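Listed here are the chains, written in short residue letters.
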Amino acid sequence: MSFNERLDQLVYLFQNFAFARYALIVGVAIAFCSSLLGVTLVLKRLSFIGSGLSHVSFGSTTIVAAVAMGIGVENFQNNIFWVLPITILCSIWLLLSGPHSKIKGDSALAMLSVGTLAIGYLFMNIFPRSANLAADVCTVLFGSTAILTLGSKTWMVWLCVGLSVAVSVVFVLFYNKIFAITFDEDFAAATGIKAKVYNMILAVIIAVIIVLAMNLVGALLVSALVVFPALTAMRVFKSFRAVTICSVIVSVVCSTFGILLSAMYDNLPLGSVIVAVNIAVFAVFSIIGLVLRRG
Amino acid sequence: MKKILALFLCLMLISGCTENGGSENPPEVDADMSVDVDVDVDFTKLSSTMVSAQMDIIMQNMQAYVGQTMKIRGNYYPLFWEVNNEFLHFIIIECSSGCDKLFEFVWNGEHIYPDDYPPEGTFIELPGVFGVDEEGFPYLAVDDIVIVA
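Listed in order, the protein sequences are those of chains A and Y. No gaps in the numbering here: position 4 of the first sequence is 4 in the working numbering, and each next residue is one more. No gaps in the numbering here: position 138 of the second sequence is 138 in the working numbering, and each next residue is one more.
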């Protein structure tokens, strides 16, 4: 098939199928808000928290679905209302556990991450929702069609967009405070900023973004969506504001490009393509940064 | 047999598909050509990821698609259903994530298996009308089977 034919294919898809339009809208919204927090997470050395929380989300999704099946609820679709609070609570626990806690930050993250992943997969095997378990697991872990089938539930599309907008608004409103606790939490607390409160806000936002981003790239690749745009921007820019803005642009462009590529070519799972595009852009920005530094 | 049944239950199940009287063999076209039919859902114009997603959406809300025309391409797969002592006819649609979809089709008119049907594994194209039988299983009612060369 020629490139022009593939473009015609793309036009046909977006003209005739609402699920594709919704997927693009939600994908852009999620990419936008996830990249905002990516800069903070990278600078606070919390890059892997996305992975841990996505595993929590995966585990709680399967447990909630299993419980729903057990109590006779057929075709349970509203698990986001259960998964989101569970993920938020875990996020708060991880981010607010102090230096005197019995299980330190990275150990707690590791324990939660692998534990919930194992329990999630165990529940998927014990309570399978379809005959093809491997495809179900792949879809959840790598997000191949999750965001595309979101379009069948319009309320879910608007919920995702609404949450993305809310996260973005919170980030903009509390930009200065988030900036302060990102670079020097102790100094921020000394100047009167309630660091614990803002860390809690950050924990809630991170959990919301992770649950949303799982629909786009799956549980295993969520960290890439959050971290890569920030790292890419840091190759070239130095100020917090410039890195944040560049990170948002990179994330939105890469996600859009990934969705379009997946729509044009066969055998391109959405989540992996988006991450692959992010990696390519990271490489390009690294070269640009190297050239600018030498120049 | 269990493996075949598991594959079969991966997507759809039986409907009133019976062996009928003779008719002509399916027409053959080049791979670049397609049957020039305007349809509501043309799977031949979608990538495998989008086909997978659209099929999932249809399965979640089958009644909304009853009566809609569709065009699908895939490999022909006949299955002998011992319960009713008849052959059922499926098309295997290539999707992403290693989950090819099995979609039953019913060829309108009188046709005998295997005389009128293409060999198993033949790449075919089916323009047809989507339906759901009394037991709630989906199928595609087709007037013709087009062999894609």
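FYI, nobody ran anything at the bench for these hints, they're computed from the structure. The structure displayed is predicted, hence computed values, not measured ones. Be aware that one or more of the hints could be misleading.
[Unchecked claim] Derived Cβ-Cβ restraints for the label pairs, each shown as a range:
id: 1; chain 1: Y; residue 1: P114; chain 2: A; residue 2: G162; range: 35 to 41 Å
id: 2; chain 1: A; residue 1: N4; chain 2: Y; residue 2: E135; range: 56 to 62 Å
id: 3; chain 1: A; residue 1: W158; chain 2: Y; residue 2: D115; range: 51 to 57 Å
id: 4; chain 1: Y; residue 1: F137; chain 2: A; residue 2: V197; range: 32 to 38 Å
id: 5; chain 1: Y; residue 1: N84; chain 2: A; residue 2: L89; range: 50 to 56 Å
[Said to hold, decoys possible] Which chain A residues stay away from chain Y? Per the calculated CB distances, all over 12 Å, these:
id: 6; residue: R6
id: 7; residue: Y12
id: 8; residue: L13
id: 9; residue: I119
id: 10; residue: I147
id: 11; residue: A180
id: 12; residue: E185
id: 13; residue: D186
id: 14; residue: A242
id: 15; residue: I259
id: 16; residue: V281
Here a beta-carbon is modelled for each residue, glycine too, at the ideal position from N, C-alpha and C.
Structure-based check of each hint:
no.	hint	in the structure
1	Y:P114 with A:G162: 35 to 41 Å	violated (55 Å)
2	A:N4 with Y:E135: 56 to 62 Å	violated (44 Å)
3	A:W158 with Y:D115: 51 to 57 Å	holds (54 Å)
4	Y:F137 with A:V197: 32 to 38 Å	violated (55 Å)
5	Y:N84 with A:L89: 50 to 56 Å	holds (53 Å)
6	R6	violated (9 Å)
7	Y12	violated (5 Å)
8	L13	violated (6 Å)
9	I119	holds (23 Å)
10	I147	violated (9 Å)
11	A180	holds (43 Å)
12	E185	holds (42 Å)
13	D186	holds (47 Å)
14	A242	holds (35 Å)
15	I259	violated (10 Å)
16	V281	holds (21 Å)
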